[in-house]
Amino acid sequence: MRPQPILQSPPRVDQSPQPIEASPVFTISLAKAAITAQAREIDGEFTVLQGSGARPMWVGKRHGYGGLHAKLLGDGSIVVDSSGTAMFTRDVAFASPSAAGAVITGRACNGRTAWLSTEAGETFGHWQSRGLGDGQLAGV
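For the sequence shown, the UniProt record's numbering begins at 1 and goes up steadily by one.
These aren't lab readings, by the way, just hints derived from the structure by calculation.
Check before you lean on any hint, since a few could be wrong.
List of simulated lysine to any residue pairs, SDA-like, C-alpha gap at most 25 Å [unchecked claim]:
#, residue 1, residue 2
1, LYS61, GLY44
2, LYS71, THR85
3, LYS32, ALA22
4, LYS32, MET87
5, LYS32, GLY44
6, LYS71, GLY44
7, LYS32, LEU68
8, LYS61, VAL80
9, LYS32, GLY60
10, LYS71, GLU122
11, LYS32, ARG130
12, LYS32, SER83
13, LYS32, GLN50
14, LYS61, GLY84
15, LYS71, THR118
16, LYS61, GLU122
17, LYS32, VAL59
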């Protein structure tokens, strides 16, 4: 008698995507200028959300981000209405929270300390240092 082959089914592997902790929403505000903007980290990029406010003009010292501010005004990503209020017309990804903060405030900005989470008041830098940035899983 020949031995019967043993049929085994491959082990089942759950391939459903694991939930990724979403970045909290971060806010930056300029009370004197009545400007508030919101952003979150999406796919490793600091993304300012549509509807966020910004300074309508660059007010700081000549800086590379001044050119970026002008570019976003020029391409319609930021529009200035008749009352002089500037607003983002779409979500815009930035290379860093400092670049985003500079464009919004119209001057140099330390984005790691200026952006605060709306839930806990935690700075972006502190949140990122806990290892939760760039879409990492919580608790891993």
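Against the structure, the hints:
Using a Cα cut-off of 25 Å, the hinted pair LYS61 and GLY44 is violated, with the two alpha carbons roughly 29 Å apart. Using a Cα cut-off of 25 Å, the hinted pair LYS71 and THR85 holds, with the two alpha carbons roughly 17 Å apart. Distance hint between LYS32 and ALA22 is unfulfilled; the C-alpha atoms sit about 31 Å from each other, more than 25 Å. About 17 Å separates the Cα atoms of LYS32 and MET87, which keeps this hinted pair within 25 Å; it holds.
Our distance criterion of 25 Å between C-alpha atoms is broken by LYS32 and GLY44, whose separation comes to about 31 Å. For the suggested pair LYS71 and GLY44, the alpha carbons sit about 22 Å apart, so the restraint of at most 25 Å is met. Proposed proximity of LYS32 and LEU68 is supported: the alpha carbons are some 23 Å apart, at most 25 Å. Of the pairs offered as hints, the one joining LYS61 and VAL80 holds, with about 21 Å between alpha carbons and a cut-off of 25 Å not exceeded.
A threshold of 25 Å between alpha carbons decides the hint, and for LYS32 with GLY60 the separation of about 15 Å falls inside it, so the pair holds. For the proposed pair LYS71 and GLU122, the alpha carbon gap of about 30 Å is over 25 Å, so the pair is violated. Our distance criterion of 25 Å between C-alpha atoms is broken by LYS32 and ARG130, whose separation comes to about 32 Å. Proximity of LYS32 to SER83 is assessed by CA-CA distance (about 16 Å); at most 25 Å being required, the pair is judged to hold.
Proximity of LYS32 to GLN50 is assessed by CA-CA distance (about 22 Å); at most 25 Å being required, the pair is judged to hold. The straight-line distance between the Cα atoms of LYS61 and GLY84 is roughly 21 Å, inside the 25 Å bound, and the hint therefore holds. Distance restraint check for LYS71 and THR118: the Cα-Cα separation of roughly 28 Å exceeds the 25 Å cut-off, and the hinted pair is therefore not satisfied. Only pairs whose Cα atoms come within 25 Å are accepted, and LYS61 paired with GLU122 is rejected, the gap being roughly 28 Å.
With a C-alpha separation of about 14 Å, the suggested pairing of LYS32 with VAL59 holds against the 25 Å cut-off.
Hint check: violations occur at hints 1, 3, 5, 10, 11, 15 and 16; the rest are consistent with the structure.
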